[in-house]
Every structure is written in structure tokens, then in C-alpha cells.
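These two chains come separately, so use the hints to put the complex back together.
Listed below, chain by chain, are the residues.
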Amino acid sequence: MNLIAENLLYKPDEQFHLNEVSFNFKKGNLYTILGRTLSGKTTLLKTIAGLLTPDSGSIQFEDRDFLKVPVWERNVAMVYQQFINYPHLNVFENVAFPLKQRKVDNQEIKDVVLKSLKSVGLEGYENRKIQELSGGQQQRVSLARSLVKNAKILLLDEPLVNLDYKLREQLREEFKSIFSQGLSEESIVIFSTTDPKEAMELNGEVIAIDEGKVLQVGPAKEIFENPKTLKVAEISNDPPMNILKANISSNKIKFEGIEIELPGHLSNLKDNNFNLGIRASDIELSEEGFEFEVELAEISGSETLLHLIRGDTKIITSIEEVMNFNIKDKIKINFNINKVYAFNESGTLASSPFGGSYV
Amino acid sequence: MGKLYKFLKYSFITIWTVFVVAPFLWALTTSFKDFNSVNGGATYIPWVDFEPKLEGWKVLIKSPANGGVDIIEPYFNSLFVTCTASLISIVLGTLSAYALSRFTFKAGFVKNNDITFFFISQRIMPPIVLSIPFFLFLGAIDLLDSLIGLIVVYIVLLMPIAVWIMVDFFNKVPREIDETALIDGCNPYQAFFKVVLPNSIPGLIVAGMFCIIFGWIDFFFAFILTFTEVQLLPVKIVALNSSITPWWSLSASALVSVAPLIVVAFIVERYLSKGNLSGAIK
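Read top to bottom, the protein sequences are chains D and W.
Quick note on the numbering used here: the first sequence kicks off at 1 and runs consecutively.
Quick note on the numbering used here: the second sequence kicks off at 1001 and runs consecutively.
Some hints here could point you the wrong way.
[To be verified] Chain D stretches covered by chain W per the calculated footprint, using a threshold of three residues with CB under 8 Å from any CB of chain W:
id, stretch
1, 63–72
2, 78–87
3, 90–103
No wet-lab data here; the hints were simulated from the structure.
For glycine and all other residues, C-beta sits at the position ideal for the given N, C-alpha and C.
Next up, chain W with everything else stripped away, as it sits in the complex (with noise of 0.2 Å):
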């Protein structure tokens, strides 16, 4: 029994493993691959398959009049939005979250929880049914196709995340640390910022960067709310139809783009198996 399962166990993750990095590693060759090696047939090891080229990387970089993409600027646009709206959206969210789960709102029959739930409400609706709204308001304040539009909407997409997380979180700091911290002689605010996000820092992480990775891959409200100045990541790469771009160039901005994502991806599993908060009530 043992045995068998660690061999099914293992073999499952294998299997598992390849799948899901051999894409990764298919654009990799192909970033580095020409014309020749790309229609020569499926080959994967570079010196002894096919000559690595810079080309598909070079493009990347260049101007569109010299032949190249212009990735530039959708990428330090997109990484703007994303930044600032997660880093607004934590602020704001943590801020909302510790409230809702410290202090007692009562509002009819809308309590705590409800408005936690409305929160995440905004999470359950598929966009689409936000999309007419959002480009509706945007128009009126005249925000359309704009970095400071897709800021406001990326916030009511991403502070949702942020206050369930935390929400959560804080439910699990004990409130006995809280009232510690008062009695020691700080003030509420003292108490939340000397006390409880010092012990919070891996839900603050966390948090953080589930709002990058849902900012970042975000494709439908960029697609539908900018037109012609300004451009995110995700619209650009699809607009490098396969057609007028070549293989390798689309392979390298591929991987340009998720190369963040693999970075959050690693801290994250570092800080998801860091609880902090053992000692503090035994």
C-alpha cells in the first residue's frame, strides 16, 4: 500500500511537472530560435538542435519603425497600474478589514459579515456584468483610456482580495493582543501599527500579491476600457498577432510577461507556509 502510493503519488507529480513546464520551456527554445530553426521541425536543446539567436529578444526592444514590437511601454504601464492599484487597494483593504473584523457594525439588519460578503460580492459577478457600468463611469469623468481610469477600476477589482485576506487574518490574530496593546498604553491606532501589522506582515505579503497576479493578468477590463493611448501588457501581446509577428518574437515577450508572476509565485510559497503567530497565544 505504502509503496504503491508513493509511486502513483510521485508519478502523478511528475506528470504534473511536465505539463505544466513544458510550455514554459517551449517558448524558452523558441525565444532564442530563427526563421530556419522554427520551421526545421521540433527541436529543443539549443547548440545541438539548432544555433541560439538574440533576435526574437532584440525585437522586443526596438522600435516599431526599425521592425520591433514596442513592448516597452505597455510593460512599464502595466506594471504602474498594477503596483499602484495593489498598493492602494492593500492599504484601503487592510484598513477595511481590520475594522471589520474588530470593531461591531450594525446597520438594520447589515452587520459585519455582510458587508465582508459585499465585499467579496464583487469577486462572484463575472466582469462582463461590470464592464458596461465601469465604461460608463469612466466615460462621465472622462478617465476612458487612461492610467488613472484603469487605476480607479483595477482598485474595485483587487480590494475585494485584499479585505477577504485579511479578514481572515485578522480573525486569526487573537484579539487579546489587540487589547494588550491598549492596555500597555497605545491608542487604537498605535495598537493596529506597533501591534497587530507587524504580526500581520505574511497576510500583508500574501495579500499583496494575489493583488499583483490578478492585477497583472488582467486582460478584459484593459481590453475594453483603453483604445489607442494607452496599452496594457496583456492587450499588447495579443495584439502581436502571429501573423505579423514571428514565433520567436511573441515567445520572448511571452515569457517577458510572465517573468513577474514567477517572481511573486516564489515568494508567496515562502511566506504561505510562514505562520508568525504561534506565540502568541498557546
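Okay, chain D solo, but in the shape it has when bound (with noise of 0.2 Å):
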């Protein structure tokens, strides 16, 4: 009964789009694609949708070969990163496009459009046209129209990506409440996003996806906690996670001439090379720190994000204050060393804060 896919391939050109991706997805969850822009989250949900057939694997659905069902009978529904509306129908009907296709009787059509326009707050915006609406209003369309189908399998392609902030904010929250009461027994929904703090967010089950492989499948808090690779740490924190490539030995860990007493959750690693993984918001500002040189400095809503170099190591550090800095400023900054991640020379978790090792 479930969305199930097993090595999925498709490589149109000398790039990967899906690397063998294989997933169990059951009904009634959440799921968030999480990978960077060009990291095959949209070639995923298109081989879904039946868009795109991979060059090999299968898709299972409710025990069907679902790569031998075409787009129009598969009964999903897509809500794309740009808003896809039909520009020629107006608002109704748009949203009562896929019923009409599916030749539904024309007072039900009424009932559900209407209802399906009313939760996602355009009530009263039935005889409007496409073009009138804002980019949020147009999105809401897409997404009634997504609903009104009540299809077995959601796929949201990065639907809030090119909307404003505050728009972004106030849909995410409405998205939230569509999953958490909504969502029926029956459904699949898959959401991609590159924000990890969306992914955060919506708490479902996380994969995170890079070049078209997927790297580590878990819940979004596992995969905050524990991300199994350096690159699940860089996809999964915004600002990327800060690697320090540096050598730990007789309980020191040691890099541009900083030494640093080895914490506890590291202390069962065997002397080698590690690159160590720290989180912008885990470094501070610190009369007693390490020295290191402002290369950059962006403030960004209320913090200011700090570009720092010291010899080859560069990091950046988020600052929970307005601050101004001078391009080559020395300032002092110290590591909140106990939120360290040691990954070994590979890329692979060797031990993280929260207990978590692949190797």
C-alpha cells in the first residue's frame, strides 16, 4: 500500500538527476525533500507525478507498477515553485478544473471549490482572473486546486520559495495546519524544500538529497542532531555548517595554532585528522578567544552575519544583534565547544553532540 521506489536512475545528460533513490513512503506521513537548488528534489517529485520516467527503477503504489500508469490516471497533485494557474479560467474555475476533468456533478463542484477556496482564505475571489491576483493569492489558487482532488500523493515542489517573507511566514503556518488536520489516513505528502528551517518546521520525515543521491532519511530532528555526512550538515543548517579541518591528538584539538581541551562527547575518538563541524549560531563574540579577521560582514533582519578567516580556515558566525564591523577587523571569538561535530576525514559523523556516530 505504500509509495515505494527502488533505485531510481535517471541521467539525462553527464549529470546525475536521481542517483538510485530508493524510499518506503507510508500513507498518512509527511514527507520533506530537503537538498540544495539543483540537487534533484524537482526531477524526484516530477518521476512521482509521472512527469519524467527514470531511465531505471520502479515505483510501487498501492501495488501497482506505477511507472506504467500515465500522469492523468495517477491521481496525485502538484503545486509548483512558480504559481501554475491556468491563466485563461478564472479563479473558480481553475480550482474546479481537475473535477470537471474527472466529471464530477455540478452542484458538488460548487460545494468543494468553494470549500477548498474558503480554506485556503480566498473566499469571495471566485469570478476573479488569474492575472488580478497577487503571487500569494495566486499560489492559494494552485493549492485549492491541489486540494479540491483529494489525491492520494501531495507533492509540493518548494511551493513558498517565491513568495515574500511575511507571505511565506503566514502560508507556512496555514500549511501546517492543512498537514496536521487535513491530512487523511490516505495520503502521501511530500514537500521539498531548500530551507532547512522549513524542513525544521514542518517536523516531518526528512531526506536529504544532494546531486541526486540521497544522503540520509530520518526525522527532521534526527537529522539535525545527527546529520550522518558533512554535506547532510551543510544542506541541513543555513548558514552552512562551518567545517574546521583540524588534528585531534593527546586529548587537543588543534588547527590554525588554536588548541582547544578535547569535550567529552569526543573524547573516544582515536588520535587522526578530523574535520569538525560548528554551527554559526555555536560561535560567539569573547574578549578570551581566538583571534581571527573579518572578511565580511552581512546584516541580515536582526543579525549580523560574520565572514571569518584565520590562515585557511574560514568560518561564519551568526550574531544575534545589529553590529557593524570593518572589513579586516581583528576580533576574538571563542567556540561553544561542547556543540562540536567530529566527522573523519571521509565526511562521515564520527560523534556528535547528541550521541550520534556512522563510523
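Encoded structure:
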């Protein structure tokens, strides 16, 4: 009964868009595909929808070979990153389109469409032209259209990315409430995003993907706390996790002339070279810290992102207030060493503050 | 700077307008003149300069036996050939263009763009290059000097225009719209007819108008591929040699022959300025 994919491979050009992707999605669950742009998220969703045929591999759904079912018979719904609607139809007709296609009774169409428009906050907009709506409203129309179908598989391809900040927050809340109450036991929701925060907030099962390859599957919290590889750590943090090439020997972490006492959770590591990962938020300004040079300071919202350099090591730290720095300023920072992740030289998690290890 | 620019701009537009409109006015006034008014020097204003007469226009509908020029049959021949060929070209051209825009074709080194170029290349050659093959071809299938033969030839000439315009148009219709239609339960044909086509009406109209214009004004093939049975309007007008046909009838027939194009031009102008896809993708 699940949506099961095995070894999906799609390589239309030199690069893999899907590289041996396998998964087992259960009904009634929310899955978040987390990956950077061009990591294969859209390809994966389109493959599930049937718009793309993989070079090899299989997809099973409800004991059917899904790859043999044409798109229009798959009963999936999809919301695109761009706001896709039918420009020649008004709002009501847009949302009614999939139902008309199924030859649903007119009165029923009317009820369902109005209910759906209400649920996305577009009551009273039935007769508007699509072109007259704002971006956020257009995206709500496509969301409403995908909801009326009661599809067993709902695909949301970065639905919030083209919206401005405030609308995004607002619509994300709506998504959360729609998912929490409206999600029937019968349907699978697959949500793709580049934004780690979004993935964490939606709190579903996260599939971290890069270059068409599934890197890690697990609950959002698990991905965040115990990223399997450096790559996952990079994808699941914004700004990306800082990587320090360090040597651990005789209970000391050594890099760029800095020596720090080894924290407890790393004490079982054998002496070797490691890639240490530390989040931007776990680095703070401190008078007793280590000296770094400011390479760039950007103010984003109420935060200041500092790009720092010492020798060959570049790090980014975020400070929870607006501060002004000049380029080439020398500042002192300290690492919250209890929050350091250790990845071995090939990039696999050796030890995390939350006790995870994949070596 | 601003004022001078504006002045030059409007002067240029005015001169150009006079340049374009003058021949039409000339033909229009001439068509209402009789022998005396034409030969009495240049006159422009009816009822003041000269007495308007309908003689020129009456000649158009009289049979040759009564001294008329009989352009009615060629006129309807032309209308029939142009409209039929345009319609078929638009239907075939639109379908081909959609396929070329959406699906990937590959035969050796030949790909979509090459096929599109192949269509357009039909219009790159000077028509004279095609005249002999067309002549022999129509002769072989016994369609020389016939309406059907002309329609076949015009489809070859007009379809590239339709394909060219529509490929460009479909490329601008976001592919995601088709995909959404498929996801919403349309099979590819329904997606095309229910979603893509209704959003392509401006393109269809423009392509249709271009086909009609190019079909209507063609003299060359109409001249080469017909003899006595069938005559198209451009050939007929040229045949109205001025030494036999009076100036006023010639002017009237010229105006009648451009009338459809003027209508077409106004429709095209309205639709060319009207994009309809702004709400598809933002």
C-alpha cells in the first residue's frame, strides 16, 4: 500500500539527476525533501507524478507498477515553485478544473471548490481573473486546486520559495495546519524545500538529497542532531555548518595554531585528522577567544553574519544583534566546544553532541 | 533635447503616413472619376474638384460581354484558395509547432531545432527556385491550373509561417501549464485542446493573419501554375492592362483587392499588442 521506489536512476546528460534513489513512503505521513537547488528535488517529484520517466528503477503504489500508469491516471496533485494556474480561466474555474475533468456533478463541484477556496483564505475571489491576483494569492489558488482533488499523493515543490518573507511565514503556518488536520490517513504529502528551517518546522520525515543521491532519511530532529555526513550537515543548516580541518591528538583539538581541550563527547575518538563541524550560532564573540580577521559582515534582519578567516580556515558566525564591523578588523571569538561535531576525513559523522555516530 | 526629439519623431511619422496613405487616396479618388475628371489634371476633392461617378465600380461587376472586367470569379477563387490553404496550414502548423516545442525528436544529428529550421528554410529560398519543381509536380499529378493544386502549393508556402510563429509562441507558454493539466487528469490531447490552445489564441490569430496576407498577395505561383481555367485575383489585376481597362476601374479593382488585407491588418494590430499569459507564471 505504500509508495515504494527502488533504485531510481535518471541521467539525461552528464550529471545524475537521480542516482539510485530508493524510498518507502507510508500513507498519512509528511515527507520533506531537503536539498539545495539542482539537487534533484524537482526531478524526484516529477518522477513520482509521472512527468518524467526514470532510466531505470521502479515505483510501486498500492501494489501497482506506477511507472506504467500515465500521469493523468495517477491521481496525484502538485504545486509548483512558480505559481502555475490556467490563465484563461478565473479562480473558480481553475480550482474546478480537475473535478470537471473527472466529470463530477456540477453542484458537488461548486460545494467542494467553495470549501477549498475558503480553506486557503480566498473566499469571495471566485470570479477574479488569475492575472489580477498577487503572487501569494495565485499560489493559494494552485494549492486549492491541488487540495480539491483529494489526491492520494500531494507533491509540493518548494511552494513557498517565490513568496515574500511575510507571506511565506503566513502560508507556512497554513500548510502546517492543513497538514495537521486535513491530512487524511489515505494520503502521502511530499514537500520539497531548500530551507532547513522550513524542513524542521514542518517536522515530518526528512529526506536529505544532493546530486540526485539520498544522503540520509530520518525525522527532522534526527537529521539536525546527527547528520550522517558533512554534506548533510551542510544542507541541513543555514548558514551552512562551518568545517574546521583539525587534528586531534593527546586530548587536544589543534587547528591554525589554536589548541582546545577535547570535550567529553569527542573523547573516545582516536588521534587523527578530523573535519570538525560547528554551527554559526555556536560561535560567539569573546574577549578571551581566538583572533580572526573579518572578511565580510552582512546584516540580515536582526542578525549579523560575520565571515571570518584565520590562515586557511574560513568560518561564518551569526550574532543575534545588529553590529557594524569593518573588513580586516581583528576580533576574538570562542567556540561552544560542547556543540562540535566530528566527521572523519572521508566526511562521515564520527561523533556528535547528541551521541550519534556512523563509523 | 526632449522637444526636438518629439518634433522630429512626429514629423517623421507624419511624412511616413502621407507617404503610405497618399497612393490609397489617389486610387480612391480616381475610382470615382470618369474620363473627363481623370484627364483634366490632378483633382482631389469630390464634388468640389470633380463630380464623383460610380462607373469605375460598376464595371467590376459587369460581365466582359457588357464591357465589364469580371473580377468576381478571380476574387472568390482567391478568397477560397487563401482561406482554405491558411486554415489547413494553421491546423497542421499548430500541431507540428506544439510537437516541436514540447517533445524531443532525434534522428541521427537531426534534432528539434533542425526540424524547425527545415520548415523555415522553405521560405529562405527565392520562390523561383521552387517554381519548376512545383510545376512538374503539379503536372505529374494533373493538378496544374486547378484550385486544389494551388491550395496544395500554398500550404507548402504558408505552413512554415504558421510553424515558425507558433513554435515561438508555444515556447513562451510555460511547460508547467501542460504538466499541470496532465496532473489534473487531462490526457495529452485534452491538455492541448483544453489548456494550451485557449491560451494560444493571440498566437493563432497572428499566424492566421500572416498566412492570409502571404496567400492573398502571392502573384508568382498563381501566375506560373494557372493558365486559363482558374485565375486568381493578383493575376487578374495585372491582366487588367491599363491600355484596355480605364484608370477608374483599375483603381476600384485595386482597392477591392487590398480591402481584406486592411481588415486583417487592423485585427492583427489589436492582437499583437495583447499578451494573455501574464497570469500563467509570475
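Quick rundown of the hints versus the structure:
no., hint, in the structure
1, 63–72, "holds (count 3)"
2, 78–87, "holds (count 8)"
3, 90–103, "holds (count 4)"
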